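Chemist: Chain residues, written in single-letter form:
Number of protein chains: 2
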Amino acid sequence: MSNLVVLRRRDALREKVREWKQQGFSVGLVPTMGALHEGHLSLVAKALQETDRVVATLFINPKQFNSAADLAAYPRTEDDDAAMLKAAGAHCLYVPDGDQIYPPGFATNISVSGVSEGLCGAFRPGHFDGVATIVAKLFLQSEADKAFFGEKDFQQLQVVRRMAQDLDIAVQIFGCPTVREADGLAMSSRNRRLSAKERAMAAVLPETLFAASNAIEAGESIPAVLHAARDKILAGGFKSVEYLELRDAATLTPITDELVRPARLLVAGFLGAVRLIDNVQVTPN
Amino acid sequence: MSNLVVLRRRDALREKVREWKQQGFSVGLVPTMGALHEGHLSLVAKALQETDRVVATLFINPKQFNSAADLAAYPRTEDDDAAMLKAAGAHCLYVPDGDQIYPPGFATNISVSGVSEGLCGAFRPGHFDGVATIVAKLFLQSEADKAFFGEKDFQQLQVVRRMAQDLDIAVQIFGCPTVREADGLAMSSRNRRLSAKERAMAAVLPETLFAASNAIEAGESIPAVLHAARDKILAGGFKSVEYLELRDAATLTPITDELVRPARLLVAGFLGAVRLIDNVQVTPN
Chain A
8 MSNLVVLRRR DALREKVREW KQQGFSVGLV PTMGALHEGH LSLVAKALQE TDRVVATLFI
68 NPKQFNSAAD LAAYPRTEDD DAAMLKAAGA HCLYVPDGDQ IYPPGFATNI SVSGVSEGLC
128 GAFRPGHFDG VATIVAKLFL QSEADKAFFG EKDFQQLQVV RRMAQDLDIA VQIFGCPTVR
188 EADGLAMSSR NRRLSAKERA MAAVLPETLF AASNAIEAGE SIPAVLHAAR DKILAGGFKS
248 VEYLELRDAA TLTPITDELV RPARLLVAGF LGAVRLIDNV QVTPN
Chain B
8 MSNLVVLRRR DALREKVREW KQQGFSVGLV PTMGALHEGH LSLVAKALQE TDRVVATLFI
68 NPKQFNSAAD LAAYPRTEDD DAAMLKAAGA HCLYVPDGDQ IYPPGFATNI SVSGVSEGLC
128 GAFRPGHFDG VATIVAKLFL QSEADKAFFG EKDFQQLQVV RRMAQDLDIA VQIFGCPTVR
188 EADGLAMSSR NRRLSAKERA MAAVLPETLF AASNAIEAGE SIPAVLHAAR DKILAGGFKS
248 VEYLELRDAA TLTPITDELV RPARLLVAGF LGAVRLIDNV QVTPN
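First to last, the protein sequences are chains A and B. Every position in the first sequence, counted from 1, becomes a number in our numbering once 7 is added. Every position in the second sequence, counted from 1, becomes a number in our numbering once 7 is added.
The hints are simulated quantities; they were obtained by calculation from the structure and are not laboratory data. This structure is a prediction, so every number in the text was calculated from the model and none was measured. Misleading hints may appear alongside valid ones.
Identical chains share a label here; the pair holds if one copy fits it or two copies do between them.
With a straight-line cut-off of 27 Å between C-alpha atoms, the simulated DSSO-like cross-links for lysine-lysine are [claimed, not checked]:
1. K153 / K28
2. K239 / K70
3. K70 / K28
4. K93 / K239
5. K153 / K23
If we strip away everything but chain A, and leave its shape as in the complex, we get (with noise of 0.2 Å):
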C-alpha cells in the first residue's frame, strides 16, 4: 500500500510532477469524477506499469453535464475513493477546488469537431466541449507524460485523443478495456442507480451488443443486425435506445455499409430513469 498524497492546488500538483520529473521519474494521469470502481483501478493498474508515479484526479465537472438533477444524483463518495486509490498503489490524488479550475473570470472553451459529433454528442449537446476543455486543463496542470482513459467512454476516448494531438500537448494517451460484471455489463458510476430489478436486465445491453458484433463480423447485413439489436434491447427492459451504431474506430464516421476497417458498435439507452452506455469492438475479416 502506497503513501498517498492528497492535494487541491494545481500549483501543489505542479510542483509535486516537477519534483518527480527531476527524480527521473515517468508520471501518469488517471481523471475520474470519482464514485471509483474496477474500472479505474484497472487505469491505475495500467498507469502503474507504464510509469513510475501514478496522480489520479477527482473533479466532478458541472460543465459537462447537461442536466442540474443529473449533476446532482451523481454519486461522491471521496473518503472510499482515497482509500481504494491507496490499495491500489496511486501516489497521488488531485481533488482540486473549484477556484483551481474555474478561477473567476473563467471564459475559454475547447471543442472538438467531427469525432464529437453524433452519438452521445447529439443527446449531450456541449458535453463533449465540457471533456475536451477540462481535460486539457488536468493535462496541462499536472504536466503528465501519460494519461489513461477507459474505452467504455469511447466517443470521449476519441475526442481526448483529437485534441491533445491538435493542441500540441505533450502526452501520451493510453485507451483501456472496459471492465465489465460479471454478467457483462460494463462497470460505471451510474450503475449504481439501477434498482435491483433494473440491474437485473441490465445484462441485455452488452449481449446484444456482442451478438450483434459478431453477426456484423459473419457478414450479415449491417442495417438489418442494428435493427434486430435495437428491438432487443428495448424488448429487454430499456425504456428507450438514443442511439445503436457502427462507426469508424479511429474516426468515429459513420459505417452503414460494409465493413472494411476496425469498427465500433456504439449504444446509448435508458433503463428506467439512469442512462447507460457501452461499446464494442467489429473487427473485419
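Based on these hints, arrange chain B on the given structure of chain A.
Modeler: Relative to the frame of chain A, chain B by itself:
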C-alpha cells in the same frame, strides 16, 4: 549578430528548446505573422532582456483571416524577416510547414468569451478563435517560458492572457508598448499597403486618440469626447470608423460613464482599402 537557427518542424523546435532548458537557459517566444518592422523588433529586444534564448515564429494563420482577399494580400517577406531577426539577436526562427500546425483531420477550436466580444471581435467573426487556437499551439509546441506581444493588438493581448490563464499554460505573458512612426502612426505590416497620400493622412488616428485620452483624463464627458473624436477621424480622411470605444483595460468591459479604473481607448477604421487599428491608455486621476 547571433547565429539564427531556422526550424520548420514542431519536433525540431521542441528538441531545441528542451536542449536549451537542460542547459539552464530560459526561453522567450515572439509570435509573428512576418512582415517584420520595428514593433516586432522591440518585442525581440524585450525578450532578450527577459530570457536567455529567443524564438520568433512566423506563421500566417489562415484561421484568423476573415476574407481570402485579406489573407492573399498579407505580405510575405521571410528572407527579410530572417535577416532582421538575426541582426536583432534572436536565436531561432520557427517557420512551421502547414502540416505542423494543421495536420490532416485537425478539428479543435479554442474560443474565449468576454474579452473577445465587441471591438475587432464584432467585425472579424472567428478571428479571435483563430488567434487563441494558434497561440495556444505555439505555446505548447515551443514550451517557452515567456511570450511577448505588442499592445498594438490590445484586444488580442487580453484574449491571449485569458486563454493562457484559463488553460493553465505555463507561460508568462508580457504586453509591450506600441512602437510608433515619427508622426505617431502605430507600426503595422498593413501600413505598407497605404498609398503615399493615405500614409500622409494616417496620423490623424493616433493624434485623435491621444487628444481624446487627455480630454477624458481631464474629466470631459466620455460620450461627447468619443463623438467628437469619431468626427475628427472621418474629417481627416478615413472612409469609416468601425469602432471607437473606451474599455476597462483588464476586462475590456465598456466604460460609458465614469473613469475609475485604468482604461483603454481603442479604434479601428478604414483608410482607403486598409484597415488600421490603434489604442492608447487612459488613466483615472
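Chemist: With reference to the structure, classify each hint as holding or not holding.
Modeler: Going through the hints against the structure:
1. In this assembly of identical chains, the alpha carbons of K153 and K28 lie at most 27 Å apart whether taken from the same copy (13 Å) or from different copies (21 Å).
2. For the homomeric pair K239 and K70, neither the shortest alpha-carbon distance inside one copy (34 Å) nor that between copies (47 Å) is at most 27 Å.
3. For a Cα distance limit of 27 Å, the shortest separation of K70 from K28 qualifies neither inside one copy, at 31 Å, nor across copies, at 36 Å.
4. Taking the shortest alpha-carbon separations for K93 and K239, neither the intra-copy value of 41 Å nor the inter-copy value of 70 Å comes in at or below 27 Å.
5. In the homo-oligomer, the alpha carbons of K153 and K23 lie at most 27 Å apart both inside one protomer (16 Å) and across protomers (22 Å), since each shortest distance falls under that limit.
Violated hints, listed in ascending order, are 2, 3, 4; each of the other numbered hints is respected by the structure.
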